[in-house]
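Taken in sequence, the protein lines are chains A and B. Those letters in the first sequence? Residues 4 to 169, per the numbering used here, in order. Those letters in the second sequence? Residues 13 to 351, per the numbering used here, in order.
The hints are simulated quantities; they were obtained by calculation from the structure and are not laboratory data. Just so you know, nobody snuck in bad clues.
A short, non-exhaustive set of chain B residues, derived as facing chain A with CB atoms under 7 Å: (1) R301; (2) S302; (3) K303; (4) S304; (5) A333.
Note that the structure is a prediction, hence the values are computed from the model and not measured. For every residue, glycine included, the Cβ atom is placed at its ideal position computed from N, Cα and C.
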Amino acid sequence: MTDASPHPAPPRWPALPGGPLRAALQPVLSRVVNRIARRHPEMFARIAPYQQADFIVLAREMPFALHLRPDPDAPVFRAIPRDPLPPHDARIEGPFMLLLRLVDGEDDGDAAFFSRDLTISGNTEAVVSLRNALDDVDGSIAQDTANLFGPPGRMVLNALRRRAAA
Amino acid sequence: MTTGEQFSQAGELVCPAGTPAALRTAVDAGADSVYCGFRNATNARNFPGLNFTPEELEASVAYAHARGAKVLLALNTYPPAGHEALWRDAAEVAARVGVDACIVADMGVARHIATTHPDLRLHLSVQAAASSPEAIRYYCENFGVKRVVLPRILTIPEIRAIKQEIPCEIETFIFGNHGLMVEGRCSLTNWMTGESTNMDGVCSPAAKVTYEEDANGALRSCLGGFTIDSFAKGETAGYPTICKGRYTAPHRPEGYYAFEEPVSLNLSRLLPDLMAAGVHAFKIEGRQRSKSYVRKVVGAFREAVDTVRAGAEPDLADLIALTEGQKETQGAFQTKKWR
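Use the sequences and the hints to build the structure in full.
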């Protein structure tokens, strides 16, 4: 377990109040992780030794961090303050769209690491297990998640993808 | 060799798959054959979360065969004394689920398969490091090996000369990791971590790897507690392997790559020469890589190989972003002086 340490967010979205935003996101994130767990149970076998591990995901533009614990029985996915981070096993950090594309199998994690766009710290084996588990999922987790919220969800995802492609 | 013994058309594209999804991606992207391994020490990419269960392999073989592609199973590690059962069990599953060939390195594994599963085709892994006609013929004559994966230490003229003297097909790597420590039989990881590439299937086991970024953005990569490289802010990085580490020495206090640089092999421009030299199959390295890598690299080489087969000049895709350290080389295939 690594020590908690402060990691200030780049002030990309300074106007957004962190606390209310996290509170608003919480039910969304919970639905997302529960849906993924339900639809892709096979991925948990690949991450078996680290189902209880705590991953921190830091999208560089976001005013908050994400905490993931891939426990198939009680998955955790929540928005938390960036400073200070809670104790965790591993940390994954990169631009939001890169992280999204990695989750969706659209980008290669090793290439992102070589280019230094992606940084990881803590338990490398846990990160590798999570990466391989996600990579074995067919289809788009992002699209799947967007579909969960109907036309508004798809609209947001399309806007994000357009922004990344611009 | 008779035509009936030919495995496939020359110019076969042999592609990596670390997961069933990657296998399907490779097949859909145009792989002629896909190589993969079980989730244990029987293959040289025994990484966490990677590889196949017997059930996944069976389903993957069905997927590939339905689309005209073949599946090759890597059994290319060396059984430690007293632990041969794991390799024998793997061969049993391979035969049962109908894989098209096993890629082996150890003579004991080769002999076991040749005698117990005589219909199971054998390919000689690069891990065996067979680089002379005499060595290759030995495997062919004693174990019925049908193809040798040549070490990446030979020039194209040398490959052409070897081809004249051996009774089997030749496979060469054309893209991916360029680690040359006696072609796979590397003991560096073993010295540092107690785990073996050759017997445990782990090169730089992830559990022993740590990354630390300092306040200036420099990244330090460590294996088993030892620093093996440090990358300045913005400098491209490589895998945390000892053979590509950067070290200081009394005569090189600034730090230097003592063995090999973080660099990937890319022989796309040499495809016509390799075909003319008699290379039957082209191997893309990277079972540890993602579906995205598989899709892009396999797609690019499918197009290039088909173009060369058609007698035209291939329009080569730019794959530099996918290479280790974002650097590529033609290695020894072009010249013995690649370093």
